[in-house]
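S.K.: Residue numbers (the UniProt record's numbering), protein chains in the order written: chain A, 1 to 747; chain X, 1 to 293.
Think of the hints as simulated: they come from the structure by calculation, not from any bench. We put the beta carbon where it would ideally sit given N, CA and C, even for glycine. Check before you lean on any hint, since a few could be wrong.
Stated by the list, open to error - Not the full set, but computed from the structure, chain A residues with beta-carbon under 7 Å of chain X: (1) I54; (2) L432; (3) G436; (4) S438; (5) Q439; (6) T440; (7) E444; (8) V511; (9) E616; (10) L617; (11) D674; (12) D738; (13) T742.
Stated by the list, open to error - Derived pair list, reagent style SDA-like, types lysine to any residue, alpha-carbon separation capped at 25 Å: (14) K231/A to G38/A; (15) K23/A to N100/X; (16) K23/A to I677/A; (17) K149/X to S671/A; (18) K149/X to L668/A; (19) K149/X to R272/A.
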Amino acid sequence: MTIETGRRSGVGESVLRPDGTLKVTGEFAYASDLWLDGMLWGATLRSPHPSAWIRSVDIGPALAMPGVFAALTHRNVPGEKSYGLEHRDQPVLAVDEVRYQGEPVALVAADHPETARRAAAAIVVEYEPREAVVDPMRAAFDPDCPAVHPNGNLVRHQPVRVGDVGAAATGAEVVVTGEYEVGMQDQAFLGPESGLAVPAEDGGVDLYIATQWLHVDRDQIAPCLGLPPGKVRLSLAGVGGAFGAREDLSMQIHASMLALRTGRPVKMVYGREESFLGHVHRHPARMRYEHGATLDGRLVYVKAEIVLDGGAYRSSTPAVVGNAASLGVGPYEVADIEIDAYGVYTNNPPCGAMRGFGAVQACYAYESQMDRLAEACGLSPVEIRTRNAVSQGSRIATGQLIDTPAPLAEMLAEIAAMPLPEPVAVQADLRLLPGGVSQTTHGEGVRRGVGYAVGLKNICFSEGFDDYSTAQVRLESLAGEPHVLVHTAAAEVGQGLVTVQAQIARTELGVDRVTVAPADTTVGSAGSSSASRQSYVTGGAVKTACEAVRQRLDAMRAEHPGLSLDELLERFGPIEETREYRHRPTVPMDPVTGQGDTHTQLALCVHRAVVDVDVELGLVKVVELAAVQDVGKILNPLALEGQIHGGSAQGLGLALMEEIQVRDGRVLNPSFTDYLIPTILDMPPMRLSILENPDPHAPYGLRGAGEPPTLSSTPAVAAAVRAATGLPLTRVPIRPEDIALTPASIS
Amino acid sequence: MDFLRARTWAEALELKAERPEATPIQGGTDVMVEINLDRGRPAALLDLNTVGELAGWSREGEWIRVGAGVTYARLIDELGEVLPGLAQASRTVGSPQIRNRGTLAGNLGAASPAGDGHPPLLASGAVVEAESVRGVRLIPIARFYTGVKRNALAPDELIRAVRVPTAAGPQYFSKVGTRNAMVIAVCSFAIALHPENRRVGTGIGSAAPTPLRAVAAEAFLAGELDWTLGRAGGSALDPEVAARFAELVAGAAAPIDDVRGRAAYRSHALAVMARRTLGWAWHDYLRAGRGAR
Ligand SMILES: Cc1cc2nc3c(=O)[nH]c(=O)nc-3n(C[C@H](O)[C@H](O)[C@H](O)COP(=O)(O)OP(=O)(O)OC[C@H]3O[C@@H](n4cnc5c(N)ncnc54)[C@H](O)[C@@H]3O)c2cc1C
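Can you make the complete structure from the sequences, with help from the hints?
M.R.: This is how it looks when you write it as structure tokens:
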């Protein structure tokens, strides 16, 4: 079928998003703006300790306060006491012990948020602190380490074994090894966790919530409330960013418990500090890599150990480990591979999904290694990557064949050919120099560096997950004009999915007027707004449902050739079809060898970073970021560029400033005062080249686009800083003192 | 929490005398943040935004009297020529929104060791004009900071203005942060050359419990600099003098390790900023000297 991309506001056009103006003018209603007359406010009492026994909880003082309607502990959880994304190991409210700082212990509902907070603070909890497990290496490898959970601290160990690394090592002429560390990054969404639970007449609950996946929320909430799933109805409320942090539940069960208990609507909104304690973060990683190559820079073998700190609960750690292992050598052809990826429990903050999902950490390490190898072989960073680049027909570490275009060498050639930015003039505007208007330099100590990196990301859920989406499409006549209503449960988290769904309906049905209904659980699951998958899977579902509608329409047209579209719809009524869409199935990684066709789609992105570093003070100005990404098919150029800019910025943040600092299991910087994310003066202009080599298995040939830029931007920036300073810099984020206090750079 | 609004300066002083526990609020960029984070609940807020007298600045001889209500945005736009060090520091404060609301008096009221207004005030030898129903008290800036987030104001006193000498020589402010904008100082430094009496002023921020001067560094440098601008146009800065000055500046600080940076880095960065800002200032001094001939 040929796609009619020329259609106004259809697929391929920069259609503007409906929430854009509202958000910029401050009128968009976020979940935190929800309001019902007579509603109560919920508050959560959290553990101040990373690890402690709970000897007693006295809710009496809270209940005694005027305006308080309920105070609940784990005893009041109506059903299952625990929940979890992949495994139910996380208590709704702590039962006899707490395993991380910030773990919810008790809940309060009151008629004023302030009263609720004070009442929560009035609850008396007697803790008996105990040794906290805070070192992930100890959790992984020390048999004497205390166990955070009864079955030990190992969440998943995933090996990858290809060939014979021992034998291959003897043939390697050049060997480079390195140990790397990635700090704990936060998704740093701006709209804190919030929602409104409304008790229903049937004994169920209606929950209006900012989340990433309505159905998986429901499936975790209902058992804990002791309700059948049908009595837990979720509607998506305005989401202020997600990036993975809303994949796990936060206040969903809590607000519902309070609403069912009080018979009143209950709203919960986390404050900023609470938000930092109330959602999962990106797994910090410790990685050890060994790369062997021939003198001319061809990879012979790769050996890697990757330890990911999952914190106190399981969340999505197993899947993150799977990604780190299966993508652990990156988009390079390697004959012999030995990877061991571990995810462990500790008493650090729980970690789970974040944009890039396990692939980010590994990418930083393998790309750092490729630069070391380039240096050892006397090759340029571009050349070493080109010599080892995968292409269609290559196999990745899991043995999986890349059966769609993967023009990595061409992408590297393209980025290397892009012109480099001019040096900053001596009398430059301070804003162009490291430090900006803080005026730390007028040019003194500033050295330029250029770095390259590539990354490989799986798109959609992997390892045998039944990953599907559902779309209901209704074509009808409204006020004498044909109109399409698209209904899915897919969460618009700011990525622009609502816009894309309408574009697809316009293209497929040739109708201008399209409405995308609010997402809720009255339609089948759309799966998660993560893994760069929604354009692919929900886009695919909308397209398939539209095709089904069009088939019926075509049949009607054939029978009644004289009637216009509107006349047909007037006479025969609306045409409505619901379809599920699935991508190609995948299989789990082999537990011993890690082999298998575990991913359905693979995506590439390439970055070049140009930085100016004040080597004396360790301050960095990223002068330019360039990216080449293959997206198969561009659905919406403007939205796509936004995704690449945003993903690159998040990667830059990880390279230079974004870190949740945790000491002894406690978060030291739970606010935007000290958790720094890049500002407009930190994020440079970008030079983009977007390629369209279609994947024949995906709708329109598209390739998921939201995550890949987050992978390669971090190592590209780090490589550029290394080039400017000559320092090894084996940890991100790179702190000023890592540069300034390392003797080599003090000239 | 009571909300008191003063319409005139006299009324503000009376309210503060009656309710010494009331927290004055000007731009609110510190006060409101504290309230939102639930750090201390003021018994009352005393709103000074409606006090017209505070909103302007005036020139009084060799001094500029900056009213307590003057925002950073105005300091940058209107006083950049006469108070360059202060204007440079103002330019680094927060974001445009914060600079449109925040004031120097608020910075002094908060007395955070990281406040960006303090180093240039120390370097230029400013005087805080405090007032109560009991009268006016002029507090030299170096005596204003009494501890971490504590200042020398009496409970019934308000800041009426800050008196800052107009720059008679080059001034520079420099601040290290881990981000290129909107960042709290990891540490900061200000220098002011006072050719009229051949003195050097300095101010250190975020590297001790209070903002402070590097007194020994000032004295050393004042004695070493060749202030004469003879026919040759004065002599270049001796790198050894600059290095010693930098060392003395770093030595004057008492930094700690915290989430923003390590003590060792702060000391190092102070030395670098001291050396660089001195270089810029001396360069300007020599150039101005040449221009004057
Ligand atoms: C996002 C953000 C970024 C920031 N960035 C910076 C930065 O980069 N550098 C920096 O230095 N600061 C920064 N700040 C802090 C703040 O903006 C400054 O300290 C500012 O100078 C405070 O001025 P204000 O008028 O808003 O003070 P307010 O909040 O109104 O008051 C601050 C304190 O001063 C007292 N006070 C106010 N007026 C008087 C008076 N006339 N007499 C006596 N006491 C008085 C108040 O009681 C209070 O204790 C930032 C704040 C925010 C929210």
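S.K.: Close enough to count: is the Cβ of Q439/A nearer than 7 Å to one in chain X?
M.R.: Since the shortest Cβ distance to chain X is 5 Å, the answer is holds.
S.K.: Take the C-alpha atoms of K23/A and N100/X, compute the straight-line distance between them, and say whether it is at most 25 Å.
M.R.: 22 Å, holds
S.K.: Taken at face value, is the distance from the CA of R272/A to the CA of K149/X at most 25 Å?
M.R.: 23 Å, holds
S.K.: Against chain X, is S438/A within 7 Å by beta-carbon distance?
M.R.: 4 Å, holds
S.K.: Does the closest beta carbon of chain X sit nearer than 7 Å to the beta carbon of D674/A?
M.R.: Since the shortest Cβ distance to chain X is 5 Å, the answer is holds.
S.K.: At a threshold of 7 Å, is the proposed contact between D738/A and chain X supported by beta-carbon distances?
M.R.: 9 Å, violated
S.K.: Could you check if V511/A really has its C-beta closer than 7 Å to a C-beta on chain X?
M.R.: 44 Å, violated
S.K.: Has the given pair, K23/A with I677/A, been kept, meaning a C-alpha gap of at most 25 Å?
M.R.: Holds, at about 20 Å.
S.K.: Tell me if L617/A is really an interface residue toward chain X, meaning its C-beta lies closer than 7 Å to one of theirs.
M.R.: Because about 6 Å separates L617/A from the closest Cβ in chain X, which is inside the 7 Å limit, the hint holds.
S.K.: Answer holds if the nearest beta-carbon of chain X is closer than 7 Å to that of T440/A; otherwise answer violated.
M.R.: 5 Å, holds
S.K.: Against chain X, run the beta carbon of I54/A and see if the smallest gap drops under 7 Å.
M.R.: For I54/A, the interface hint is violated, since the closest Cβ of chain X sits about 24 Å away, which is over 7 Å.
S.K.: Holds or violated: K231/A and G38/A, Cα atoms, limit 25 Å.
M.R.: Holds, at roughly 22 Å.
When the structure is compared with the earlier hints, violations turn up for hints 1, 2, 8, 12 and 13 and for no others.
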